[in-house]
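Visitor: Here is what each chain is made of, one letter per residue.
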Amino acid sequence: MLTIENLHAKVEGKQILNGIDLDVKAGEVHAIMGPNGSGKSTLSSVIAGHQDYEVIQGTMLMEGQELSDLSPEERAHKGIFLSFQYPIEIPGVSVTNFIKTAINASRKAKGLEDMPANIMLKKIREKSALLEIDSRFLSRSLNEGFSGGEKKRNEIFQMAMLEPKLSILDETDSGLDIDALKVVANGVNKLRSKDNAVIVITHYQRLLEYIVPDFVHVLWEGKIVKSGTKDLAIELEEKGYDWIKEMA
Amino acid sequence: MAYTEEELKKELENKEYEYGFYTDIDSDTFPVGLNEEVVRRISQKKNEPDWMTQWRLKAFEAWKNMEEPDWANVQYKKPDYQAISYYSAPKKKDQYKSLDEVDPELLKTFEKLGISLDEQKSLTGVAVDIVMDSVSVATTFKKTLAEKGIIFCSISEAIQEHSELVRKYLGTIIPIKDNYFAALNSAVFSDGSFCYIPKGVRCPMELSTYFRINQAGTGQFERTLVIADESSYVSYLEGCTAPSRDENQLHAAVVELIALDNAEIKYSTVQNWFPGDKNGKGGVYNFVTKRGICHNNSKISWTQVETGSAVTWKYPSCILKGNHSIGEFYSIALTNNHQQADTGTKMIHIGENTKSTIISKGISAGQSQNSYRGLVQVHPKATNARNFSQCDSLLMGNHCGAHTFPYIEVKNKTAQIEHEATTSKIGEDQIFYCNQRGIDSEKAIALVVNGFSKEVLNKLPMEFAVEAQKLLEISLEGSVG
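Line by line, the protein sequences are chains E and P. The numbering used here puts the first sequence at residues 1 to 248. The numbering used here puts the second sequence at residues 1001 to 1481.
This is chain P alone, in the form it adopts within the complex (with noise of 0.2 Å):
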């Protein structure tokens, strides 16, 4: 399929014009605080039902009564929730008649993101939803999915147009009291993606979200929800990427992806948040919570690629209830400087003869600290359950931290679990081959990281994984030392 540019202009100016901006243009954003009046206007800007302002409410008191949570192996200041404004939306100038008049500003950042509409062109097969500071701004190829009964869009909108959809599901894999911040994200969430396949459906091309963070003392909390209807299939792809700021950032995003009987869902994410500077100061705290079920038959495939973030905590999980359910995980957590990722998945077998798997790829370099955790839970009913982990660590220079915590819980005989570790460093005889070959340190260092990496860089889809190689290059610029 190819879409032209007037066509994808349509799109967009459509989108706009539809969807893009109610919002108040002296009041974008809020005035940093949380209440229940902030939770309560929140809802209220996007217009949302009774229902969902309740369930906002639930959540955030919830999220009052509970601690922020210290046994991740990362070490932090602890945000002030009072000092954030937890809403912010792009400033809207005018009406647009055509693509020219867009705020160029607005088109470089989409640019800088690499999804220009020269660029959106040339990747035809990738829908894409932008998530820039909160309110979704476009979303284009909305038609074609359309047509295949396929809803994607703003999580938002979701909860406007699919409402019924929406109360089923939301909050169902990831209630609102399950951690402190997914309550926190239950209360505040401004807005994400939300994308329903229905029955016999294979979705014919990638989805794919950008997220960014752009206003300063912001923080971001999106919500997205996956529906895959029985016998359907989808891939997602998210991508985010946060400009340099001073101050740390908050980022607390939940997704919850649902596969119903004999449904596929690939969801991908490559993360490259603000790290902070050389010397630690600034970045993005990421506290994410991610999890799937998965019914009878069905699978859920979770590949990200972690280079970003000062601080991150992230654990995409997969219960898998139904028989012969399948929960994958694949992993590369990149640490430089003084990061600190805490990352890794649990896998819950609950229904009979369900499968797991779980490749996880640890980078280190700097100062930073890198710990993988994941926990692989049988379940009593569980018969024949079977779970395979791999975990491996790489280190660079003597100043960094590999650390894997592994928690294996079995109360069925039949389950066959399992794990294997290894860690490595970069060897001095690696780089000097390479040199010798005529390939620069750095360039070496990529080398070897790509090789080690290659296992989850290929579950990536094509353009992603192209993109993420550069990013684990980029990552690592200036630690040869």
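Chain E with its partners taken away, still in its complex shape (with noise of 0.2 Å):
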């Protein structure tokens, strides 16, 4: 599905990944993992096409295509989710009122009629059935005053709704406490399909005890320095990130 090849990239001036290569196919989990500063955010933003990341070397692409030829809108398009580290407020425009827009320009980008009202409810009360979210919830202002774990169960709402090929969680486990977390891994794992796939990204092993991973990698000054299974990350709670650096 997604194949990264060589990537180098920069933002501002400094280069952050330094030749990375991935493969990723449907079905699979991938965790990604590594300490502060390794590079973990800078590939789900260059995957994303986050403007201030520039692609200096190497290729990605999906399904076939080229990502850097792609706007950030054209990969959503694709079926490129990204569940932010940070998600952004915007005041005024409801949990409701933003999803039916993505819906609605992705749909209109394959050259389909909107969503009927009637089929976007239905769809709305089980997503947010399956991630235990108040339907109050969804008339607020799109994380405007939320909490963290709110901000993160509102993420993947999102990536419920909207159904993506490639999922990316970056950070979903910080700011979560064990309930929200919980639940959130169960509605990433209810998602789970042999036609999609999950990147997820994350400092700590402890949402890959809900999210188990396929592959897990190891993220080292822009480069994936070690790759296993999930044992990987078990050994990386015990022993922490040092043995990592030494070895590479």
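Honestly, the hints are just simulated from the structure, not real lab data. Just to be clear, a hint being listed does not mean it is correct.
Below 16 Å or equal to it, Euclidean Cα-Cα: the simulated EDC-like pairs (lysine to aspartate or glutamate) are [unchecked claim]:
#, chain 1, residue 1, chain 2, residue 2
1, P, K1355, P, E1328
2, E, K100, E, E113
3, E, K108, P, E1442
4, P, K1058, P, E1036
5, E, K190, E, E28
6, P, K1411, P, E1352
7, P, K1454, E, D231
8, P, K1443, E, D114
9, P, K1058, P, E1037
10, P, K1443, E, E74
11, P, K1199, P, E1157
12, P, K1443, P, E1420
13, P, K1077, P, E1067
14, P, K1425, E, E28
15, P, K1321, P, D1261
Two chains, two frames, some hints: make the complex.
Guide: The structure is reproduced here in structure tokens:
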């Protein structure tokens, strides 16, 4: 689904990614771990197409198409979803209105009519139930005054609504208490299928107890220095990152 | 209530036959220039009683000795008032037996304005009085209104048919010498709307007027007078559109509202006059005086969505004369490219326990300048007056300006005045967040702007809110840089 080869990227003149190789297939869950400043969030921003990040070298193919040629919204239309580490507030725009606009924008890009209101409503009910979201929450301004847990839950709700092919969860566990973490992880698990893939970016192993990855990669100084199965995550939890740094 | 198309047609036909085109075909548009003779001719054209002619002449005399104001935060080349034609009426060809015979161009214009018969049908509950180049061409739903004793007609007709009401109230809220543009309007106003709601009557539908400047080089000077008698209620909508014109066109309207004891008037405006092109060429000068008076326990609520005009100078105000009266002002002013807006309100607290609320949302893009100017005045006898003002500005890009000029004059110690203001910029992070969800930047901006304006949009009647939302979107097209 997503094949990244020798990816180099910089932000504000500073090179952060130094040759990333990553191959994500449909049905897989990949975890990307690493200490602060190793380039985890940069990788997610580069895949999503944030304008501040510049690809200097390498390729990112999504189902055979080079992502660098596409605008952020075109990447979204192709089925890439990024759950933001710090979701953005849009005052006065309700969660429902926002998701409706997003869904219809993607449909329009595919030449489809707007989703009929009754189907939209049904879907909203179904997905909000999945994530244990109160209906009052849906009429609130997007992320405005949301607690950390509400923001993350809202991200996963949007993911559930948009049904992306590739979801990147950027530090979704940060700021979540254990109950919220379980709800979010449970939601993600229910959305997993053989047709979609998930990249979980995290600092800690905790989230991976609930979203069990097929592969774990360790990022250090803008490169994947070690890959393995979920056991690698456990090893990291026990030993910390220092042995990886030494190894690199 | 539902009108059949047949009934509507009939109404339109009757209206046109009765009042529509009484002008001489050859002299539909006056030559340019303004003098006493022109004022007399306008009055004569409209077959006005002598008191009205004298009133106009008095206004003209006053105007001659007045100076065009220059205190507003706008810069423009002052119009040459002698280069404007002060009267123009649509041409009439033949009398119509049915709607099919109506000038298709005229019908097309209506359609463009979104008031085709089909739409009117679907928008049951909205009565429309159309002012096209100064002369009211059609009034619908009049019959239903008449049953309740509601008068809704052109001001010209009101001067003929309801002379005593017009004479009693015209110019009482905005005297002819009030300001330069009001004086000009008083002298030369060509048409406008008149509305009277009798005692205890709740107007069952939204009353709506569409204004449009059609002919090149003509100014538009509408005059609107709304009187809500004791314990009555009316919601009045005013929409404006003007087609593209290269020259600047002058628009100097006057609106007076009278809310007698326990009455309520809700006055909503969506203004989309031609804003000029990207380089600031052309566009309408919108110099408008709007003011209402509230008697005891009454309420006036102004809601405006201003997206058009090259230059806007407009301060819908409330004189809270009666005890326990309420004034409200909800405004969205959007400026793009080279547009300039200086708009706000005046809340004059005279009576006891009077309350006012001001919510102003300014959106600036391009190289535009957007100013809020407001006065909250509490008179010595206005015990327990309360005001809450909130002025929010949203900026897009680095070349536009947002300015706030709040004036507060308090002469009574019991007054409670609150003023809040915020300025924000549409963030790149907001745009990226939307982009990542598949929403392109233009739509993203529209979303942020609509969210920002929501408090005010919510005050508009439903169908107008949708229209206004679209308008905000259209007005910002191409502002993504």
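Visitor: Each hint should be assessed against the structure and marked as holding or not.
Guide: Each hint tested on the structure:
no.: 1; hint: P:K1355 to P:E1328; result: holds (8 Å)
no.: 2; hint: E:K100 to E:E113; result: holds (13 Å)
no.: 3; hint: E:K108 to P:E1442; result: holds (14 Å)
no.: 4; hint: P:K1058 to P:E1036; result: holds (10 Å)
no.: 5; hint: E:K190 to E:E28; result: holds (14 Å)
no.: 6; hint: P:K1411 to P:E1352; result: holds (13 Å)
no.: 7; hint: P:K1454 to E:D231; result: violated (51 Å)
no.: 8; hint: P:K1443 to E:D114; result: holds (15 Å)
no.: 9; hint: P:K1058 to P:E1037; result: holds (13 Å)
no.: 10; hint: P:K1443 to E:E74; result: holds (14 Å)
no.: 11; hint: P:K1199 to P:E1157; result: violated (22 Å)
no.: 12; hint: P:K1443 to P:E1420; result: violated (29 Å)
no.: 13; hint: P:K1077 to P:E1067; result: holds (14 Å)
no.: 14; hint: P:K1425 to E:E28; result: violated (40 Å)
no.: 15; hint: P:K1321 to P:D1261; result: holds (10 Å)
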